[in-house]
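One line per chain: the protein sequences are A and B, in this order. According to my numbering, the first sequence is numbered sequentially starting from 1. According to my numbering, the second sequence is numbered sequentially starting from 1.
I should point out that these hints are in silico values taken from the structure, not numbers from a laboratory. A few of these clues could be false.
Label-pair ranges, simulated between beta-carbon atoms [what the hints assert, rightly or not]: (1) S438/B to A159/A: 40 to 46 Å; (2) K160/B to I21/A: 40 to 46 Å; (3) D155/A to K452/B: 52 to 58 Å; (4) P90/B to L45/A: 34 to 40 Å; (5) H443/B to K63/A: 51 to 57 Å.
Below, in silico cross-link-like pairs of lysine-lysine (BS3-like), each with a Cα-Cα straight-line distance of 30 Å or less [unchecked claim]: (6) K57/B to K110/A; (7) K523/B to K28/B; (8) K61/A to K28/B; (9) K523/B to K104/A; (10) K57/B to K63/A; (11) K140/A to K313/B; (12) K32/A to K523/B; (13) K24/B to K61/A; (14) K2/A to K57/B.
Predicted model only: the values in this text are computed from it and were never measured. Cβ atoms here follow ideal geometry from the backbone N, Cα and C, with glycine treated the same way.
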Amino acid sequence: MKSYIVQAIRLTVVLTILLCILYPAFIAFAGKFSNGNGNGETISLNGKVVGYANLAQKFDKPKYFWGRPSAVQYNAAGSAGSNKGPTNPDYLKEVNNRVDTLLKYHPYLKRNDIPADLVTASGSGLDPDISLNAALIQVKRVAQVRNLDEQKLNDLIAAQTEKPLWGLFGPGARVNVLKLNVALDQMK
Amino acid sequence: MNTELLGIVASFIITLLIAIPLGKYLAKTFAGEKVWTDFLKPIENAIFKLSGINPAKPMDWKQFLKAMMTINILWLVYGFFVLLYQDKLPLNPDGNPGMTADLAFNTIISFVVNCNLQHYSGESGATYLTQHFIFMFLHFTSCATGIAAAIAVFKAFRDKTTADVGNFWMYFVRSITRLLLPISAIIALILAFNGTPSSYAGKDKIITVQGDTVNVSRGPAAPMIAIKHLGTNGGGWFGANSAHPLENPNYLTNMVEIIAQFIIPVAMILAFGYFINRKKLGWIIFGVMMVGTLMFMVPTIIGEVSGNPMIAKMGISQPTGSMEGKEVRFGPMATGYWSTLTTVTSTGSVNGMHDSMVPLSGLWQLLAMMINGFFGGCGVGILNYLVYLIIAVFISGLMVGRTPEFLGHKVEAREVKIAALITLLSPFLIMAGTALSSYMFVHHGNADWAVKPSSWLNNPGYHGFSEMLYEYTSANANNGSGFEGLGDNNIFWNVSTGIVLLFGRFLPIIGPVAIAGLLGKKKYVPESAGTLRIDTVTFGIMTFAVILVLNALSYFPALALGPIAEHFSMK
């Protein structure tokens, strides 16, 4: 029994060096050669970092495309879904309020034009994407506020639309909201 | 074909393409035959030498379990204190606080037992030191512990009559050097080059396009996320687990992570067949488990793709299915596929929030964890299944009026008693826990804890009950996923699930190892025409029926109060 204790302690020390120091150090070193140098990929606008490519941020001004609701108010120092159950009456009321808000800002929409992803909170609270439909229904509003041609915005969205992995796997027809808005701000 | 469906079909095919050769490789590696990774032997020898271990020393099943429990208890004690004082230790760039005693108790047990319930959030509740030196360390070692225990059982059945189940340290270290570490490194590199942070930089402060100031949590997550999946651990770097866009940045990483968490459970089943020279048995077990898994997976995916009926009633269109708690880049199919695999194996990582899925998806997740024998966790999956096999052999024996035999050994009262106790343990822990928490919720709503019982639940009614049921089910199955709306960081949940975790882990390991040790010592009876053959489809169906009947009898009443009632309450 005593020998097991000594062996266990020594093995724990040896494995700690291998698994907790050497292994992550190797990955950290290799990661330096990735986009963002292992710190996470950032997006810049006019030479200033304005966000992380993979992380949602708050867009609620009428001149921008809006992303999905967030249970953590887009706080990237935390993350969570709403964890609201599908039949929770308070939750359903909240979704209904979001629908009403959307209809207020987009008077040209009917309820069934609104795709669910735009009125439901994402799993992480930081989902960077919206579905293509969710972007398209916002075009008219953004075009009016910015005094732009709708077709130009549709083209911009088309250019920003992401495809399935290798054209084969997973959902396509989605748009990264931050990238879209940065491209929008860069438009002449 | 629709690209979402193609994505999950491809994930499944790739899993098999990796797991089948991996199963053969594992069987050979642990049998001590020549394999191409033998060039790693000097490293293993160095590890043994530095630790003062003689890996060739035989162990009987009692010595084996003693060695295993000794090192596991060591990690419990050492880890508890590191978590308690993590704020005073280095590698804490975000200045996160130490854990409370009850949270540290729950967390350390949870990681030692390969569960990872995580009543804290990684961004604010853990330091880089604890994430690596405790959590990631235990991701490797808890998985290796499970594999070692399974190999001991394999050996006892292969060697016909023997007292020697093999050396614990040997199996344990080899699982890490020959399997977990090399594959983790590959996965971690894929993640790091797809957007998962790998550097030690702390929080970043940015000013967004609209001018808000936001802090962004980062850290060396890539190496941990790799082993968290490969080792069926599931405890993530960030609070939102693999739904978090830095932990799981795109569909490629999503495929890699879901494949990673399924290859070892599948490979271990096949390895069992190869190791004991009954290839067919391995495939029959695989077949039973796969049928069980599909039984949960197909309705889950259909339910999630169809969307939430309550949202549909509002007149909102759900072209991408039920989206609450899901991420657009994965879609409902990949999330449904993941939610099934993460609950049949004991991973418990999530790429979408289970609490927000439609009621019947919750039913399938709960059932998968209650059965806990379709694939299951690293190593322990096959051990759980072994218990079901013994019960099935016993019942079949009674039906045909013969002494039950298992792999050439007579199964007698002692072994059946152990198997029966292990089978009864799960419903006892889950039901007693849920009953107790329901009682506290109803009668002691104002108890002075960090979260008052009256505000435990994030959802009212049947769904609230499901949140409590899910937590104990997940703890007992050492799964680690949750209906995360539950306010579980308080002394009641931390302590009660901590205890369930310990029993739910170690008894189902000790039981099967003891059965194998006891059977292994008995005289080998060669198979004859009168033997009940267990490597047949008929016996596979028999086992499947036993599993369903046992679990339906145990859990139907509780499930009827939770997800089933919720489903029928939606009109």
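How the hints compare with the structure:
no.	hint	verdict
1	S438/B to A159/A: 40 to 46 Å	violated (54 Å)
2	K160/B to I21/A: 40 to 46 Å	holds (44 Å)
3	D155/A to K452/B: 52 to 58 Å	holds (55 Å)
4	P90/B to L45/A: 34 to 40 Å	holds (36 Å)
5	H443/B to K63/A: 51 to 57 Å	holds (54 Å)
6	K57/B to K110/A	violated (75 Å)
7	K523/B to K28/B	holds (26 Å)
8	K61/A to K28/B	violated (62 Å)
9	K523/B to K104/A	violated (80 Å)
10	K57/B to K63/A	violated (72 Å)
11	K140/A to K313/B	holds (26 Å)
12	K32/A to K523/B	violated (59 Å)
13	K24/B to K61/A	violated (58 Å)
14	K2/A to K57/B	holds (16 Å)
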